[in-house]
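This is what each chain is made of:
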Amino acid sequence: MKLILFLTIIIALSSSTLTLALHYCPRMLKFIFFTLLGISGLGAIWAGLSVLITQQNINYQISSGFPSLALQFALDPLSGFFLAIVGIIVISVACYGPSYVRSYEKQRPITLMSFFTGLFVSGMYLVLLAHDVFNFMLAWELMSVSSYFLVAYHHEQAANRRAALLYLLMAQASGLLILFAFSILIKFAGSMSFDVLHAVQLSPTWASMAFFLAFFGFGMKAGIVPLHVWLPQAHPVAPSHISALMSGVMLKVAIYGFIRFAFGLLPHVYWQWGSIVLFIGVASALLGVLYALMQHDLKKLLAYHSVENIGIIFIGLGLALIFTSTGHPVLAALGLIAALYHCLNHAIFKSLLFLGAGAILQHSHEHDLEHMGGLIKRMPYTAWCFLIGCISISALPPFNGFVSEWLIFQDAFQAVTLKSEVMRTLIPVAAALLALTSALAAACFVKVYGVIFLGQARTRHVRRAHDPRFGMRLALGFLAILCIFFGVVPTFTISLLNVIPQQLIGAQLPNAHNWLWLIPITTKTSSYNALLVMAGILSIGLIGYWLVRACFGRIKLRQVKPWDCGFGGINARMQYSATAFAMPLRRVFKSAWLIREKIEKIGSDTNYLLQINDWIWQYIYLPLERYSFALARSFAQLQGGNIRVYLAYAFVTLILLLWVIA
Amino acid sequence: MWLVAIAQTLLFVIAAPLLAGVVKWVKCQLQNREAPPIWQSYLNLNKLFRKEVLLATTTSQLFRVAPYIIFSITIFICAVVPLLIINTPTTAIADVIVIVGLFALARFFLTLAGMDTGTAFGGMGSSREMLISAIAEPALLMVFFAVAMTAMSTNLAMIINQLALHHLWLQPSLIFAALGFILVALAETGRIPVDNPATHLELTMIHEAMILEYSGRYLAFIEWAAQIKFMLYAILFINLFFPWGIASDFSWFSIGLSILTLMFKLLLLVIILGIAEISLAKLRLFRVPYLLNLAFILGLLAVLIHIIIEVG
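In order, the protein sequence lines correspond to chains C and H.
When we follow the working numbering, the leftmost residue of the first sequence carries the number 5, and every step to the right adds one.
When we follow the working numbering, the leftmost residue of the second sequence carries the number 1381, and every step to the right adds one.
Keep in mind that the hints were calculated from the coordinates and are not lab data.
For each residue, glycine too, the CB sits at the ideal point set by N, CA and C.
Mixed in with the good hints there might be a few duds.
Have a look at the derived ranges for each label pair, beta carbon to beta carbon [claimed, not checked]:
hint, chain 1, residue 1, chain 2, residue 2, range
1, C, Trp567, H, Gln1409, 28 to 38 Å
2, H, Lys1431, C, Ile547, 14 to 24 Å
3, C, Ile559, H, Arg1667, 33 to 43 Å
4, C, Trp519, H, His1546, 32 to 42 Å
5, H, Leu1648, C, Thr527, 32 to 42 Å
6, C, Pro208, H, Leu1648, 53 to 63 Å
7, H, Ala1578, C, Ala584, 24 to 34 Å
8, C, Thr463, H, Arg1444, 20 to 30 Å
9, H, Val1384, C, Thr526, 16 to 26 Å
10, H, Phe1630, C, Pro271, 49 to 59 Å
11, C, Gln60, H, Ile1677, 45 to 55 Å
12, H, Glu1432, C, Glu160, 50 to 60 Å
13, C, Arg637, H, Arg1664, 51 to 61 Å
All chains should be built: construct the whole structure from the sequences, respecting the hints.
Quick look at the structure:
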């Protein structure tokens, strides 16, 4: 086991360093790089699954050369689960990559992209395995910085550089917050090892400070509202397989960090923390989906949906925190398992959607929904895989997104057992808002799917699109099958996950070992059998088809033009566009955005202008940017450009420091 | 037991067009018009199943698969909703939240089929349908939460059992929940203040706009599914809020009693619906969200009343 783990890391790291050596041999480079990446993904799944099944933790130490600072690694069920998630997505990216990067190879060698992708993936593996703060922060920064270079891959355009800079800034800020959170624990525990930190005793004030620093630190990386602004800017800019890795997996690594910190390291949790996490989770879910509804750039839209899903995960975690602190460990375990399962599901369907988006962008050269249309006839394979992704992300049964949301609903429903009346009323409201979120997500994906794939093609490029090559099809098919698998037989995974709350909270789901029926608490409260739902719907459909065929004969079809009200000349521009589709919702929820709508008459032409902005960006981030530039300018006056002045500064600083220390 | 469940589902599917016919008949009587026979819906379905399908050239495979998917999902929901007998084994497959999800899945395919026609009508219908469902779904869930809390279970059979055995129908939370449910059901089944099933007036229609391009056999499946959906909401309303007489065992006597009481209750419901439909006007589209917000607030009030008064 240790060997496999060790090899996984070494292979991932070597995949990145080998690319530098193979720079002059681009064909070899591509295949060796993606093969090694795929092997490392397999190793990660193997290691993760085996620790979940055997439940034996693995510990490993490397002395770093510094006294009292050994680099500690450990693999326990929690990190094993996340390692398996990373592995699944890395494998599909490795299948997808070779065909996808062809279009990039035409511009320039992909050495740097491969180098940083390898580093990025190894960084994520190392974060999950790190068992002391030093190691964790090192791996965290490796992950953040290498992904910065991937976001900045198309650095020729100024807008992309800006997006990458924003990403780097926010990644660094989040790293800093996490470091502060850890340093509070280190101060009281006197060691950096997670084993020692675990037993730390903290006063409620310090514990709360550490908790919120960690929550906002990890949350910034995960993309909670109002710290989500980097997601919709960074994801569309990166190559699609990188977006899949970032949105599908890197956000999950941040969630892992939060779970490790809140449930694994902090000795005690308070219900107030839980209610704030729940509130922010609901806000992220709702605002994420509302912003997504107004988008018509495909990858930006998907990025906003990541905000939504991260919100859903935090709703589960918030419930887990509330139930842990009020002494309902089984319900807390249910919340935690729901959140973990949603991490897995979101990783799968969001990667599927991003990879599908990559295929669409590559073959239609369009990223704006308003220019697509009718792609189901040109790219049928991609279209059906994408449909499965859309159903899953809209949380519709019997696909995977529904299972985790159903578990969250079940957990929220149990809020009646709480003593506090405020919580008892607020949690059902949170559940209703979650229902609103998933209904809006369904509306959004009807829009996405309808405008991209259905109807008639809106531009010429789109008419020439075709299905991608085998490797990309393989990755899409693999993820689509996983969406169905984790939706239809959720019980296998959930019974494996049961060990994680056992270790973190000390309780597990009582009826999780039933392989067919998903029973969160007891059979009396609720049960769900996704396999029978799937089988029932399919068999009723088939029986209906055969019965009607037997009674009334084969279907007679005649191709005709669609109904044009007798005026004739129906064309692609008369279809409903994405903006038109979302218009009724824009009108109903208009206070969620900053909307500027203008009708201009220039001569005989009439122009309609519609601008929809994120008010958080307009009212918080832009003023922040202005003030920080003003501050920087006032500091810039210190720089005279004269070396003697600089020497004087250095001298004064030295004196001051000596005075302070002495 | 499983056979009884399947028989009950078949009854559901077969009776649904009859119920639609009765509604039409009642409305005609109230408006002093000559009514078509109440089995007219069967004749219509028979005609549509035999007819040739005119398929728009803009549509894709999805358009042809969607009617089967919608039809089978709707029938599947019938299998998990108790009609005459509470404790069929199929009710454990899906609880109320899954039922809400299954309705949403059927709607997902219906709206996609609307978008697939590539005309303005389909998109318009889909867009409006998603607006209404987005607001109706949380309201429906709140109502279901309120009734589920009285039984401490989201399983439909357990809820009805609890309500039927303990005669809880005078609980204030249930009254609010019932009012909320009525509003949601009107919106979801496309009845009068929200949508008018009888017109093809392009500016007002929702459901009819989506299915405008369907014809022949496909239209038959969609129409039948819509009739079943209407009956499902009627049965859910009756069995959740007025469950008297529903059979809790499998004896012939109790099943017979259950059939009689159910027929009586359905007739009463249809008459009330008919009176409401002929005396109300259709709401403007952007008024509908207010109606559904009211439903959401009623559901929320039901939950709050239950939590604050009835539990504490």
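Hint numbers not upheld by this structure, sorted from lowest to highest: none
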